[in-house]
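Protein sequences appear in the order of chains C and X.
Just so we're aligned, residue 298 is where the first sequence starts under the numbering used here, counting upward by one.
Just so we're aligned, residue 412 is where the second sequence starts under the numbering used here, counting upward by one.
Here are the simulated lysine-lysine pairs, DSS-like style, with alpha carbons at most 25 Å apart: (1) C:LYS388 <-> X:LYS753; (2) X:LYS753 <-> X:LYS811; (3) X:LYS442 <-> C:LYS388; (4) X:LYS534 <-> X:LYS651.
With the C-beta cut set under 7 Å, the calculated list includes, among others, these residues of chain X facing chain C: (5) VAL454; (6) GLU458; (7) PHE512; (8) VAL655.
What the hints contain is simulated information worked out from the structure, not anything from laboratory work.
Small disclaimer: the values here were computed from a predicted structure and weren't measured.
Ideal Cβ placement from N, Cα and C applies to all residues, glycine included.
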Amino acid sequence: MPQGFIENLYVFVLAGFLGFEVIRRVSPLLHTPLMALTNALDAIVVVAAIIIAARPGNTLSEVLGAIAVFAAFSNMVGGFLITDRMLRMFKLSGRKKS
Amino acid sequence: MNLTAMDPTTVQYLTDGAYIIAIGLFILSLKWLSSPATARRGVLVGEIGAALAVLATFTNPDFVHYRWVLIALLAGAMVGIPLGLVQMTAVPQRTALSHAFGALAAALIGISEYYLHLHELSKFQVVEISMEVIIGSLSFTGSLIAAGKLQEWLPQRPIVYKGQNYVSFTVLGAAVLAALVLMFNPTAPFVFPAMVVISLLFGVMLVTPIGGADMPTVIALLNSYVGLTAALLGFVLNSKVLVVAGALDGSSGFILAVVMCKAMNRSFTNVLFGAFGQLQVSAQAVQEDRNVHTATPEEAAAILSASNTVLVVPGYGMAVAQAQHKVREMLDVLLKKGVDVKFGIHPVAGRMPGHMNVLLAEADVPYDRLIEMDQANSEMPQTDVALVIGANDVTNPAAKTDQGSPIYGMPIIEVDHARTVMVIKRSLNPGFAGIDNPLYYEDKTLMLFGDAKAFVSGIVKELQGGGE
Chain C
298 MPQGFIENLY VFVLAGFLGF EVIRRVSPLL HTPLMALTNA LDAIVVVAAI
348 IIAARPGNTL SEVLGAIAVF AAFSNMVGGF LITDRMLRMF KLSGRKKS
Chain X
412 MNLTAMDPTT VQYLTDGAYI IAIGLFILSL KWLSSPATAR RGVLVGEIGA
462 ALAVLATFTN PDFVHYRWVL IALLAGAMVG IPLGLVQMTA VPQRTALSHA
512 FGALAAALIG ISEYYLHLHE LSKFQVVEIS MEVIIGSLSF TGSLIAAGKL
562 QEWLPQRPIV YKGQNYVSFT VLGAAVLAAL VLMFNPTAPF VFPAMVVISL
612 LFGVMLVTPI GGADMPTVIA LLNSYVGLTA ALLGFVLNSK VLVVAGALDG
662 SSGFILAVVM CKAMNRSFTN VLFGAFGQLQ VSAQAVQEDR NVHTATPEEA
712 AAILSASNTV LVVPGYGMAV AQAQHKVREM LDVLLKKGVD VKFGIHPVAG
762 RMPGHMNVLL AEADVPYDRL IEMDQANSEM PQTDVALVIG ANDVTNPAAK
812 TDQGSPIYGM PIIEVDHART VMVIKRSLNP GFAGIDNPLY YEDKTLMLFG
862 DAKAFVSGIV KELQGGGE
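Put together the whole structure using the sequences plus the hints.
What follows is the structure, given as structure tokens:
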């Protein structure tokens, strides 16, 4: 079993536990923004897509990479945008809307 | 600073440093999301982390083709911005669509890795890539079907046939078999593309039989698959930033899916393979002529203004009728009259986790008026009027009393414990899942037949006219 795999497995397990503990505390009130935000964070695969599309390779990898850049980056932009729009709407009583 | 002149190792250190900072900011971002007071700060640090990671990636000295990347980024932004500006009622389908995009990106990168390194892959790497591509592809088509159902381009009813689960599992088995073949012969012709096509097909077969009311769980599950795909891609590419981001996204989706399943007292297997909503035939047979009490907007307004405490229980019907703004007007008038109004939110009300909260927030209902199911139930005996708007199964007392009911055991908002119950509904037809609701025939229940938006505006008009 390659060494890299074991290292990545450590990282995966630790990040999974950390995510579980942090996200468990998010109030059900914000579950929709949570999903939108994790979607935007997950769109970090755009960096892998950029590498695939920009480095020397073959035509297939460039084309697939470019489509992946498009899909992931639209998630990143749209995800952050809609999360912020949703969160701006959550207000307490007594605070007048601006 | 001329980056191309820099030592490649230094560039590598700088990039890794930027990725590590980005990971830290992502975790902070999720931590700050836990409360509405700090949540927007959370979005900001998430954006900074993502921007840092993307910019750092461009310092890679190996890059040769920038043009297509830049065009793709521009096109992504041009599609992403409108998708970030959709109406709040369209958020569930937008979310499903973004799951599809995320899965597509990850699957395409896996496919391109396979073809790029075809002749140098170890058995282990082939297995990694195959798993990543299988899960990515099925999440892609599964999410597209979910989005289509939520947008109502596809029928929301479950589409089922006999022996469906066997067929679906055979298809999934074929994809796994293809992966095994590739493990022993990575260059076997046509096996890899066949595996991709079969996985895409399985995604369609997985979500098509699932009904609209189960969408909150399905969206959450697909969310966790997409996260898992990204993490697996991190394994394939040996990229820690992807492993972490994927693990965070995956655990978030998983937590939400567990919350949704608990709120329906069902298991993952039951949601995925139970094809809820086929039961309408047997349920309708039970229906007989029973008396219901009805009321007009005038009568409803009189009862509401005479009460001290009101609990509104919204459901998907409120979203469909776009009634949330009228509901907020009703809230304002009632508060002015000294009536204490709260909203009881069932975890699976609507089409995705937290759907009702976002719709009500959009209509400027303050979030301290929104309470969770348990609190709503503990306050129910002191509640004068429970007003159900477009919700059905989540208030059905059969879930507690009738062992034969398909939703038996599901936690509900116990509106039948309030002094008076009012239900705004189009007709007596059983709801989406086709389950009869004995609540409607109780003596304390008043049925308010009509479109939710029209009926609530009738109540508002009456309240405003009568009160001044």
